[in-house]
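In case you want the letters, here they are:
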Amino acid sequence: MDGAASGGAVDRVGLTLLYKRLRNICDEMAFAMMRTAYSPIFSEGLDFSTLVLDRNGRLVATAGINPAMLGASLYAATWIIREVGQENFSLGDVFVHNDPYRGGSHMPEHMLVTPVYHDGELAAYVGNIAHLAEIGGMAPGSFAATATDVFQEGLRLPPTKLFDRGEPVRDVWRIMLTNHRTPDNTWGDIHAMLGSLRVGERRLADMLSERGVDGLNEAFEQIIDYAEAYMREEIRRLPDGIYTGEDCMEDDGISDRPYWIRSRIIVDGDELIFDYSRSDAQAVGPINAPYVVTLSASLNGLLYVLARDVPVNAGIVRPVRVVAPAGTITCVKLPGPCVGGQTEFQPRVMELVVGQILSQILPERASAASGNTSLNFLFGGVDPRNGEYYAHYHFEGMGWGGRAESDGNSAQIVPHANCRNTPVEIFETKWPWVHENYRLNDDSAGAGRHRGGLGIERILEVAGDVITVSALCERMKRSPWGIFGGSEGSRTNLEVSPAGSGDYRTFQEAFGLVSPSKFTNIRLHRGDRVRITSPSGGGYGDPLERDPYAVARDVELGFVGRSSARAHYGVVIDAKGDLDEEATTELRGRLADGVE
Amino acid sequence: MAWNDLAKLWHDTTVDYCDVCGNLLIARFWGFVSAATGESKRCCDERCERLYYRLREIDGNAQAVPGGISGDQAEAKPR
Amino acid sequence: MTDRNDGWHVGIDTGGTYTDLVGVRGSEQRISKVPSTPPDFEKGVLDSIEAAGIPVSEIGIISHGTTVATNAVITNRGSPTALLTTRGFRDVLELRRHNRGEPYDIYWDPPAPLVVRRNRFEISERLDYAGDVITPLAEEEVRLAVRTAARRGIGTFAISFLHSYVNDAHERRAAEIVAEELPGAFVSTSGALLREPPEFERTSTTVVNAYLAPVISDYLRSLETQLRQAGFAGRLYVMHSGGGLLTLESASRFPARLLTSGPAAGAKAAEGVAAVASTGAVGSVKATEVLAAAEGLDEVISLDIGGTSADIAVVRGGKASLVHEFSPQFGQPVRFPAVDLITIGAGGGSLAWVDAGRLPHVGPQSAGANPGPAACGLGGTQATLTDANLIAGRLPVDVNLAGGVHLDIEAARQAVGDFASELGLAMEEAALGIIDITNNNMARSIRVVTVERGLDPRDYTLVPFGGAGPLMAAELSDILGIRQIVIPVAPGVTSGLGCLYVDIVHDTSRAHIVALSEADRAVLQSIFDDLAEGMRETLADEGVAQDRQRLEHSIDLRYLGQVRALNIPLRDGLVPERFQNEYREAFFNEYERQFHSVAIDIPVEVAALRVRGVRVSERPHIPFGGGAPSFTPRIRRVLTGDGAVDAKVVQRASLPVGTSLGGPLVLTQEDSTTWVPPDWQAEVDKLGNLMLTRGEDR
Ligand SMILES: [Zn+2]
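Chains as they are written, first to last, in the numbering used here: chain R, 1 to 596; chain G, 1 to 79; chain F, 1 to 698.
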């Protein structure tokens, strides 16, 4: 604790204030990005993060927009600076970087970073990370679920100057814009990112004129120390020991086999080791994680359960070690593909940490499994309405797991992210699809004392001549698990119905695919329909212990079917729709005895 | 047990990984020879070397520390 | 229409705890502050008039700000409502936008939808993105839904169909059917409220509107009836969230517009105080003239600090800034223009606490009125901002607070002492820490409504009011670099005063998406003309005379392909010949100002045209009572960051106009206390407002 404690009263209050100011800068940067964005991924989805970094590139503060980017936020800038060499930065330089082998999470996420100077002296950096909707590669939307190496996933950029002393490096811009399928979007969204950097730079300049370069960096150090002390204190409260757990990715899009993630958490005083070295070797397909994604998952899991209010910066990682040997699914080696690691592997590991392992330590804070897939659905084509090429990266909300005190929430985005959906009206205005419905998927949640939240169902019809679709998701073979006697939630489904037919078959059946959940470049035609069903959450606790009136209410609202109420909860609803208490008591007795 | 340069030609864009934790090695690495196996290791820094031995120590005690909840372990901190 | 010169013009603001009244007639002025009377808030309104000693029959205009709408939403006491949606989309409310209010809190819960699922009816009908019919409206399904809902005792309907922002014919027809089936039912259609996507925000707005309608119209009807029975013969207006006035009829149709009616009154008060103070005008000056004449003082931050929360708003160019959306809770948006307010949990009752990393925090939890600050002796034991201020010597120990509470400094010392020992600090250091942290929490919120909009708080004057505003204002200003503060004559009833400073305002808009370079001048002109004509009718319906009407035109522009647009105010409703150049330039300037981004080489697109209609009000002023010819200050020890100082304690009312005093100074009045730190100078201006300025040496 002494890092933060040594300064005394004024310093402690001052520290709170300084940190609030830095967070405010990050918020302002995020606001500028959202307001000036081109793609709905930015403006509606909010799939980005904004960062203030010290003069060595260490994270000092970030806007809490998308936790999935935490690992990259902690390391990518440091790696850029180390590789480029601090002495090679100049005022007005902006670097771009999306290399998952150099601290990035996956290639669509681009980091921009720019140095901030004060009286000619390098003082700090500001940066942001954002998901560009299209970066080329083998499939529109740049989420190639059947990629077998990173070169199929789009244009890879090591740390590269986008601006040199304030002047655009045109050759680099032209390479990027030539290789992306929707260059106008790239142009606009990168400008939104640049504007956001400018906001951060200006606000940091104010702080620098107040404190000077050394003064500000000393304060940064204190904020980082404070976060470290906070985390150590939280970790110290956990009983020492080794906690193990495992879960898997159901397939990699290339072959029909699971890939296992085996995790040990070693709690050792005020330090904590996440050891993934017993996990499977890396997959052929793109479900592998770069190191920072495994780190992000581990830390996010910890933050969810332990230290929700800790300032998120370089300090939180100091008492934590993540062991993810290169060549395993937890740390992909070049040239392994990895675009799905960020969206599918990360939430799986995060939930492994939260659900299976920490539930052993703090059961009152545990929850059952969420749907736990980003449910990436990608599409592109030429819009018949204006003749222009478009591409979009779509993700879907799902049910979350039942919790100790309450049911899981319905229709929430995957746990490691906090993005928003793209509304139907925006969707249909931007791209040639028409929705038949968009609703909660009834009677699907894992039963439990507290049931899971419901997933969603979305049916959309192709309104262009041809649309090329791809998908990369999980939970089509393995259900979200229940906890403490709760039942499994329902699975993801991706189905297609040819024009004029009412029959839905999975894409796998309809097109003879290896994987039902991971495929690329399926061509659909006008009138074809797609049904996307997102998973629902697992249940928490014995369903027979659920308040029968809560079950009756679920039946009334349509969340739980009558027959499920009977079969899973032992609750009998009479003809008028009211709870039959007597019959329920009797049925529950028989179910508990295993009679029915 | 020393810092080494990880010099690369400017046109070599490959990357290297820490033998202990898996994180990226850039510009330099910390090298040591495992006292247990005689292998030479390239890692992030001294902390990773200590982590290497700490994990071996824990695995050596695996009998005493079965999977799942293992209860209190009053052991020395790895710092 | 009754002219306000014929009688009293009375502003009444009903808050959760108190109802404030300010009445003006010519040079006469009355104020009162009485307890609010939930759930029958109208009683408090009549009480306030009685307490002010104003004969009801002599009142010309009542302008009323009210918390009734906010209360109904927060306590789920609206009317059972049915929602008609496009088939396949009844869950829009429950699907929300998929994101969470707290990214690292798996225990976070979204607000329960205001319409339970079984009362959300799907109707076969569908339009495409351009508003063309894919599936015609199934009228029989609408009839069936209405009958089913009616059987369940529902008489309130929200109708929200997909893409109705381009074409609301189906919604309008469905509304007719509801009226046929169930005469007297309240119906709210989304296209009539809001002509913009997306569906969740529009549906949420429509549902909130319907849900509130019976509550609000009952309240307003009852209030009007009681006033009439008491002899009231004037006009009654209600304040909306955007800081305008609505007739009772409009308020009953658009009750969702009343959600931040009360705090909006505060912001309008700051606007008015600033405008009047700056010109030195006494009595009523036409608002437009005040605004035009105001120099330097039309950039104002309004800060209303009560017991549990603080409302912050920005006045720019003499006008309170507006936003297009307000959410009573995360995930429950209401898309009506609202004064750009931030409400934070920082007030006299805010609790001080220590986190796991042993850093101190204040709020947002509050001791509220019960148990209240430790010093109030009602059972509170945890340190609050009020306790800290008492220990710091900034609150009078020997004075009764509103409600007859006497402050107990020993209890405050005990509570702050406990907090201090957790941090290993001396009690006095801890008290200053609590004050400092609160000021910085407020500073952060003030930055959110200034710097995030590209505004520099140092260019602003702070107008603090509410019980604790004048106490915190100077040191808060030090943090923000604000150099000037204007404290109104009666800080405790300033929200009531704000109700007097309000124009009747209506907004209308139409989505029109076209590249600016391809926009047709005649088309734009005809849209503006249509909107303006409709607006003039609306104003005329409310009996607004021609010379009282003002129309404000604006256009929403964005870069081609961008999702969000910027609202660009225009001089008038005439589309100039070179409109493409002029609009583009105005857009670039605003873009650069807000986002520090240079204009990029991408075409600009028109998104929507807007017309706002205003009934211009006059701005009355509370005359200042005067002040005694002489005063004798007492001396008290006050803690500051630079050590303890001896401050003069003076009754504010005893200071004559023109008095100028340097800090340290504690100015007391009935329901508020002003702290003037050593580097600040206080001056009573011609109007009795207290002008605080920071010394040159800072
Ligand atoms: Zn390492």
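Since the hints were derived computationally from the structure, they do not count as laboratory data. None of these values were measured; they are calculated from a predicted model. Just to be clear, a hint being listed does not mean it is correct.
[Stated by the list, open to error] In the EDC-like style, the derived pairs of lysine to aspartate or glutamate whose C-alpha atoms are separated by at most 20 Å in a straight line are:
#, chain 1, residue 1, chain 2, residue 2
1, R, 477, R, 509
2, R, 20, F, 355
3, R, 477, R, 246
4, R, 333, G, 12
5, F, 43, F, 224
6, F, 319, F, 590
7, R, 20, F, 478
8, R, 161, R, 210
9, R, 333, R, 309
10, R, 430, R, 405
11, G, 41, G, 16
12, F, 319, F, 299
13, R, 20, R, 246
14, G, 8, R, 87
15, R, 333, G, 16
16, F, 319, F, 428
17, R, 430, F, 128
18, R, 430, R, 184
19, R, 430, R, 388
20, R, 20, F, 128
21, R, 430, F, 132
22, R, 161, G, 12
23, R, 477, R, 495
24, F, 648, F, 592
25, R, 20, F, 679
26, G, 41, G, 57
27, R, 430, F, 196
28, R, 20, R, 309
29, F, 319, F, 355
[Unchecked claim] Not the full set, but computed from the structure, chain F residues with beta-carbon under 10 Å of chain R:
#, residue
30, 88
31, 94
32, 106
33, 122
34, 128
35, 162
36, 200
37, 357
38, 406
39, 408
40, 410
Yeah, the Cβ is synthetic: ideal placement off N, Cα and C, and Gly gets one too.
Cross-check of the supplied hints:
{"no.": "1", "hint": "R:477 with R:509", "result": "holds (14 Å)"}
{"no.": "2", "hint": "R:20 with F:355", "result": "holds (15 Å)"}
{"no.": "3", "hint": "R:477 with R:246", "result": "holds (16 Å)"}
{"no.": "4", "hint": "R:333 with G:12", "result": "holds (16 Å)"}
{"no.": "5", "hint": "F:43 with F:224", "result": "holds (11 Å)"}
{"no.": "6", "hint": "F:319 with F:590", "result": "holds (17 Å)"}
{"no.": "7", "hint": "R:20 with F:478", "result": "holds (17 Å)"}
{"no.": "8", "hint": "R:161 with R:210", "result": "violated (30 Å)"}
{"no.": "9", "hint": "R:333 with R:309", "result": "violated (34 Å)"}
{"no.": "10", "hint": "R:430 with R:405", "result": "violated (41 Å)"}
{"no.": "11", "hint": "G:41 with G:16", "result": "holds (12 Å)"}
{"no.": "12", "hint": "F:319 with F:299", "result": "holds (8 Å)"}
{"no.": "13", "hint": "R:20 with R:246", "result": "violated (38 Å)"}
{"no.": "14", "hint": "G:8 with R:87", "result": "holds (18 Å)"}
{"no.": "15", "hint": "R:333 with G:16", "result": "holds (9 Å)"}
{"no.": "16", "hint": "F:319 with F:428", "result": "violated (41 Å)"}
{"no.": "17", "hint": "R:430 with F:128", "result": "holds (12 Å)"}
{"no.": "18", "hint": "R:430 with R:184", "result": "holds (14 Å)"}
{"no.": "19", "hint": "R:430 with R:388", "result": "holds (11 Å)"}
{"no.": "20", "hint": "R:20 with F:128", "result": "violated (46 Å)"}
{"no.": "21", "hint": "R:430 with F:132", "result": "holds (16 Å)"}
{"no.": "22", "hint": "R:161 with G:12", "result": "holds (18 Å)"}
{"no.": "23", "hint": "R:477 with R:495", "result": "holds (14 Å)"}
{"no.": "24", "hint": "F:648 with F:592", "result": "violated (48 Å)"}
{"no.": "25", "hint": "R:20 with F:679", "result": "violated (26 Å)"}
{"no.": "26", "hint": "G:41 with G:57", "result": "holds (17 Å)"}
{"no.": "27", "hint": "R:430 with F:196", "result": "holds (15 Å)"}
{"no.": "28", "hint": "R:20 with R:309", "result": "holds (12 Å)"}
{"no.": "29", "hint": "F:319 with F:355", "result": "violated (40 Å)"}
{"no.": "30", "hint": "88", "result": "holds (3 Å)"}
{"no.": "31", "hint": "94", "result": "holds (6 Å)"}
{"no.": "32", "hint": "106", "result": "holds (6 Å)"}
{"no.": "33", "hint": "122", "result": "holds (9 Å)"}
{"no.": "34", "hint": "128", "result": "holds (6 Å)"}
{"no.": "35", "hint": "162", "result": "holds (6 Å)"}
{"no.": "36", "hint": "200", "result": "holds (6 Å)"}
{"no.": "37", "hint": "357", "result": "holds (3 Å)"}
{"no.": "38", "hint": "406", "result": "violated (30 Å)"}
{"no.": "39", "hint": "408", "result": "violated (25 Å)"}
{"no.": "40", "hint": "410", "result": "violated (23 Å)"}
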